[in-house]
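Asks: Here are the chains, one letter per residue:
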Amino acid sequence: MSADNGHIETASKGRIKVVHIYPREMSIYGDLGNTRALASRLRWHGYEPVVHQHHPGNDFPTDAHLVLGGGGQDSGQARVENDLAHNAEALRALAADSTPMLMICGMYQLFGNAFITVEGERLPGIGILDVTTQGNAKRMIGPVVLRTAFGDVVGYENHSGSTQLAPGQQPFGTVRSGMGNNGADGTEGAVTGNVFGSYLHGPLLPANPSFADALIKMAVERALGEPFLPGRIDDEIADQARTRQVRRLVRR
Amino acid sequence: MLRTSLAVLAGKAARAASRLRGGGSALPGLVVETVDPRFLTHALAHLPRGVVVVTGTNGKTTTTKMLVAILREHGLTVFTNPTGSNFTRGVISSMLAEIPLSGRLRADIAVLELDEAHALKFAAAVKPTHSLLLNVARDQLDRFAEIDHTAKLLADLAEQTTTGVVLNIDDSFVSRIADRVRDGVKVTYFGVDPSIADRLPELQEADVRFEDDFIPPQPTDADGLLKPHDERSFEVRFGHNELVGPMVLKQRGLAAMINATAATATARVLLSKSFRALDAVAALERVEPPFGRGEVIDADGQPLELVLVKNPAGFTVALSTYGNAPVTTMVAINDNYADGRDVSWLYDVSFESLRDKGVALTSGVRAYDMALRLKYDDVAVTEVEPDLGVGLERFLTAYRSEPKRIFCTYTAMMALRRTLAARYGLANFGEEPA
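Taken in order, these protein sequences are the chains called D and H.
The first sequence begins at 2 in my numbering and counts up by one.
The second sequence begins at 2 in my numbering and counts up by one.
The hints are simulated quantities; they were obtained by calculation from the structure and are not laboratory data.
The structure presented is a predicted model; accordingly, all values stated were derived computationally and were not measured.
Glycine included, every Cβ here is placed at the ideal spot set by N, Cα and C.
Among the clues, some could well be false.
To be verified - Below are the DSS-like pairs computed for lysine-lysine, each with C-alpha atoms no more than 30 Å apart in a straight line:
#, chain 1, residue 1, chain 2, residue 2
1, H, K153, H, K187
2, H, K376, D, K218
3, H, K122, D, K139
4, H, K228, H, K274
5, D, K18, H, K376
6, H, K153, D, K139
7, H, K376, D, K14
8, H, K153, H, K122
To be verified - Counterexamples of contact, computed for chain D against chain H with all Cβ distances above 10 Å:
#, residue
9, G31
10, R37
11, A96
12, L166
13, P228
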């Protein structure tokens, strides 16, 4: 369909712009694997992915079709605070316009209302998800299995924040094994419209392709205004990786 | 004193019992610590040439082995802990074979490889006279939580060190620790010669490092810099006039060369005027790769390389070391505590160098996760077999007449090596020639 830098593509079903927000500061646990998985799957489905990395100090691209963010260290979060405040309005507008987004761990917390440190300091988030996170001395670490609208989802959590959903806020899933948002109420993550927050690394998307394809479907339908036409992908290896983790972790 | 002797006796008994059962190395150490919590202090604090701790994310085992070899070549009696026992209890257990009832180790100097977290626990019992701090990288984040935290552990250890610290000049997480040492403690650096600074990305991940206002220190004549001549031959330079080398190591790769540079710089600090460059070279050239760290096994007449991978930096270094000589490859990934339970880090490694030849087999508990990771880098995988025993057997028989290589996490390496040792008559862990 398109000729890009003289490189002739075979017929593409359309171009999808995937934006990874803060890949340097906020992707310490392999979360770039989510971006890699979406780019590969878009290609395998016959679409043309364009991956854009958003770094602090730039204006957020308002033509984004899919936005991804990951986990970072405290020092990484401090480095992105100002940029996130600067681009909060653009991100809220994209979210309100049904742009699919997946925010993992630290970025999930920053997409909430606030993070309250162990010392009681309140760090404001951008409020796209109606959640509030309280810092803890103890970390919640280990493998996780969730039940979600996309079937069983596996991943790995590693967070000290304990997140509470506001009344009416939907979780991403319910915990079958692991701690989830707070280790107490059985919820994990949050979803509002097409914006998903979750603590799950792993990274999340490669081993959970039905969720990855759901995000792709949302992006394609919004970007191109036509139905998603999936290609044929052999997900046998991903299915084995996931179902083996479920069998190991969930006691019947 | 009586308590110490009792602890020695109890520990020796526990060691004998656990050896009969073929058990692990931590239990005798636990027995000793319970009977005499000050055992380590008694055993080590009096050593005439001091106690050296080697720590950092990558290269501890190799560097410790190299430093010990150089010191022994200079005639010193050195106590060291064998491969893998890098927790305090493992150190105690390893003393029990040779320690007299007095509980005082008979040696000139101790050189101990310690896990970053346990190095501090150790320092609470025995203040190291010297510390060699190698690098900071993401490793087992499920245990250390954050790389900033790992850097802090090393800085805390440097603060506890009484005489000298040796720091990696090229790793800003490590070199900035110079500001944290006590007054009067001498700081020495090792690193790469400015002429090969462009190869630093082979040794450390770039994506967790930030540009900031830190200005790296300028090397002086006391600091050792690695200058490679070609893929195998290199020298360590101290200023313009003093050279150690040229030399060729048995272990391949830039990572092994920088480990040798760290060991040489540290030995020079410890030996001061009695350091002899020729003896250092002779010792380093004889050092065999530690088990599973690029060790080459003769498998039915073909070389089989066993390469331990623990974290993104280590796997990246391993792939670049071996990438220019592709052979039939197996990757074995477990997710036990010692491996790191989170396998997310595999997505921070690029496997493109394996694309041409593909991967013959993935194995281990997370064999399918590894195969999936390779799929996303367009690396073909011929077979997936989670059972390590079955996988190894298939790999050895199906590719019998080809050179082979296995990249493996820690517990996968232990299991594979046990099978290989039985099959090809190799020495076992704990019997490794020093």
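Asks: A separate judgement is required for each hint: does it hold in the structure or not?
Replies: Hint check:
{"no.": "1", "hint": "K153/H <-> K187/H", "in the structure": "20 Å, holds"}
{"no.": "2", "hint": "K376/H <-> K218/D", "in the structure": "22 Å, holds"}
{"no.": "3", "hint": "K122/H <-> K139/D", "in the structure": "20 Å, holds"}
{"no.": "4", "hint": "K228/H <-> K274/H", "in the structure": "23 Å, holds"}
{"no.": "5", "hint": "K18/D <-> K376/H", "in the structure": "22 Å, holds"}
{"no.": "6", "hint": "K153/H <-> K139/D", "in the structure": "18 Å, holds"}
{"no.": "7", "hint": "K376/H <-> K14/D", "in the structure": "23 Å, holds"}
{"no.": "8", "hint": "K153/H <-> K122/H", "in the structure": "14 Å, holds"}
{"no.": "9", "hint": "G31", "in the structure": "3 Å, violated"}
{"no.": "10", "hint": "R37", "in the structure": "6 Å, violated"}
{"no.": "11", "hint": "A96", "in the structure": "26 Å, holds"}
{"no.": "12", "hint": "L166", "in the structure": "25 Å, holds"}
{"no.": "13", "hint": "P228", "in the structure": "26 Å, holds"}
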